[in-house]
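Since the structure of chain A is already known, use the hints to place chain B on it.
In order, the protein sequence lines correspond to chains A and B. Under my numbering, the first sequence has 215 at position 212, and the numbering climbs by one with no breaks. Under my numbering, the second sequence has 71 at position 5, and the numbering climbs by one with no breaks.
Any given hint could turn out to be false.
As the list claims (entries may be wrong) - FRET-style restraints, in silico, Cβ to Cβ:
| # | chain 1 | residue 1 | chain 2 | residue 2 | range |
| --- | --- | --- | --- | --- | --- |
| 1 | B | TYR391 | A | GLU25 | 28 to 38 Å |
| 2 | B | TYR391 | A | ALA256 | 46 to 56 Å |
| 3 | A | GLU22 | B | GLY303 | 25 to 35 Å |
To be verified - Each computed EDC-like pair below joins lysine to aspartate or glutamate, with the alpha-carbon atoms no more than 16 Å apart:
| # | chain 1 | residue 1 | chain 2 | residue 2 |
| --- | --- | --- | --- | --- |
| 4 | A | LYS257 | A | GLU226 |
| 5 | B | LYS206 | A | GLU53 |
| 6 | A | LYS320 | A | GLU205 |
| 7 | B | LYS206 | A | GLU226 |
FYI, nobody ran anything at the bench for these hints, they're computed from the structure. Glycine included, C-beta positions come from ideal geometry on N, C-alpha and C.
Spelled out from the first residue to the last, the chains are:
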Amino acid sequence: MTEMTLIEGLRQAMDEELERDERVFIVGQDVGPRGGVFRATQGLYEKYGEDRVVDSPLAELSIIGIGIGTALYGMRPICEIQFADFIYPAFNQIVSEAARMCYRSGGEWIAPMVIRVPYGGGIGGGLYHSQSIEAFFAHVPGLKVVVPSTPYDAKGLLKSAVRDPNPVIFLEPKKGYRLIRGEVPEDEEVLVPIGPGRISREGTDLTLFAYGMMHHYAMEAAERVAQEGIDVEVVDLRTLKPVDRETVLASVAKTGKALIVHEDNLTGGYGAEIAAILAEEAFADLDAPVRRLAGPDVPAMPFSHPLQDWFMLDADKIADAIRELAAY
Amino acid sequence: MEAQEDLQVDLKPETLLEMYWLMVLSRRLDERTWVLHRQGKIAFHISSIGHEAAQVGAAMALRRGQDWVVPYYRDLAMMLALGFTPKEFMLGVMGKKGEPNSGARQMPSHWSIRRLNIVSHSSVVATQAPHASGIALAIKMRGDDAVVLTSIGEGSTAQGEWYEAVNWAAIHRLPVVFMVENNLYAISVRQERQMAVEQVADKAAGLGLPGVTVDGLDAPVVHRAITEAVSRARSGGGPTIVETMVHRMTPHSSDDDDRSYRTREELEALKAQDPLHLQRDKLMDMGVLSQDAEREVQERAKREVEEAVDFATRAPYPEVSEASYPVYAEDRIDD
Chain A
4 MTEMTLIEGL RQAMDEELER DERVFIVGQD VGPRGGVFRA TQGLYEKYGE
54 DRVVDSPLAE LSIIGIGIGT ALYGMRPICE IQFADFIYPA FNQIVSEAAR
104 MCYRSGGEWI APMVIRVPYG GGIGGGLYHS QSIEAFFAHV PGLKVVVPST
154 PYDAKGLLKS AVRDPNPVIF LEPKKGYRLI RGEVPEDEEV LVPIGPGRIS
204 REGTDLTLFA YGMMHHYAME AAERVAQEGI DVEVVDLRTL KPVDRETVLA
254 SVAKTGKALI VHEDNLTGGY GAEIAAILAE EAFADLDAPV RRLAGPDVPA
304 MPFSHPLQDW FMLDADKIAD AIRELAAY
Chain B
67 MEAQEDLQVD LKPETLLEMY WLMVLSRRLD ERTWVLHRQG KIAFHISSIG
117 HEAAQVGAAM ALRRGQDWVV PYYRDLAMML ALGFTPKEFM LGVMGKKGEP
167 NSGARQMPSH WSIRRLNIVS HSSVVATQAP HASGIALAIK MRGDDAVVLT
217 SIGEGSTAQG EWYEAVNWAA IHRLPVVFMV ENNLYAISVR QERQMAVEQV
267 ADKAAGLGLP GVTVDGLDAP VVHRAITEAV SRARSGGGPT IVETMVHRMT
317 PHSSDDDDRS YRTREELEAL KAQDPLHLQR DKLMDMGVLS QDAEREVQER
367 AKREVEEAVD FATRAPYPEV SEASYPVYAE DRIDD
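Chain A with its partners taken away, still in its complex shape:
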């Protein structure tokens, strides 16, 4: 086992997949000699050359549109959108084209591709370098939406996403790129299937659902309240679409209480889907109303530190929400 950061896990995944399958290539802004603005693709241009690590013009929809074209021809593109906040010009290509390709052609054409997207705030990025975008894409049939929260899952899920025959939105918690460290085996292939969630902490008093950076804080909050005698089960959803209903329901059947945490805005956010599943299928198991702790309904994260802190969730805020629900 080797300890590595989340971004190192991602880089290893891409390196191994480029090595394994010559159809795999990377396309995005500054992914070449620069190695990506976050360094996710560092060293890959030197190793695989300009035909496999392709710098795109400064035009997001073309990264996805070109990726779709190559996928239709049989390639396996890994498309990098530099920041989630910049994905909207490509929304049309993702939603109207990639997601619908299989259905609209009766399965004759498919668009197997990974769309890697650094997302999330708390990094001083202001309105346009901080956004969470999962709700938009988790709404769309034809897409898979994945959010790793550990280096192991980052590596294993990204490798699975590259091999998946569908378009996969791969959301990377960028605040955790170098902050989150973890063990990843060196001498075996790491593959984490798309779909299953993971119980990352067993507990009995309530279930805390989280993903990405919020999972990191959720674990911290759970440890904190454990000292106060509250035994929290933490579920790392990992895949938002398709969601692992069995794991969601089984956990709440055990604990009777559910708190869903995400940094994206509250209204119409991904937590509403989990809450709806629980309302429809776990009503009899619930000992308390389902709670959501989410980003406030302002257009995006403000820049100035105190304002950003007001928006951003952290272990303290999550611990408070846990205490409140546990006391119900």
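Just chain B now, kept in the frame of chain A:
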């Protein structure tokens, strides 16, 4: 526009006759579809009448089944020239089971025929252009011997997607031909409200690739222009914009009424320059097409169209269960 020289003589008589046959077949099929709509038997039709010469000329410049085509909805004659059949078209028009473009999920004239390397497209205009450049990038990466032809209306070249696609192709000198079917109307809005340049081909100068404008009413002229562009693409010379000037001799679609935005005199003037009649007259002048052969072509077209209508009318609708898949690649029943 290119000088109007007579290119008919460059092509073999059987090639000229095949072009003419495909134009006639497309026209009769198209007209019959309008009738079905006016009879209340189908829900929607989007017509290619007036575009046939450009489409047939372009398709026949390709190695059909080896090269790739990323079309748009107003491309019936091109599809027929590539090997799509009237029966397949009519299944789509009527939304019947097994319709090959989409299994009757999409509206009619939304092409996708895998066996012919014709790629699925949506109704959202210009979205197909980046796919064409992507396919061309993949061809270049793999070192394969193929080119891509993608078509589009002139109005849709206002979309950022088209510029971004052409830009990519120009940067990487990709083997793709951007064919523009310019009929001067984007539904109701004339070209001068879509662009400040006189010709779409003028946009090429700003993107760093060659652009030409040709008479789209003359199939051999288009055939030569596309052949040159394809040859440039195949030899590593990069992309070309080929603008074909055509006539939209019908409203935009069966849901449109063009009387609110163009005069009947204008329309009559277009009809006086019907590409089908121009081609017929030229072939007759050349002695390639006899009166008997013309009668035969028309009768054969009528027969094939009626057979297609009968076939599709008798065909069943899809099972309702077909609406639920294939959302994901894993759902495909052929796997």
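List of violated hint numbers, smallest to largest: 2, 4, 6 and 7
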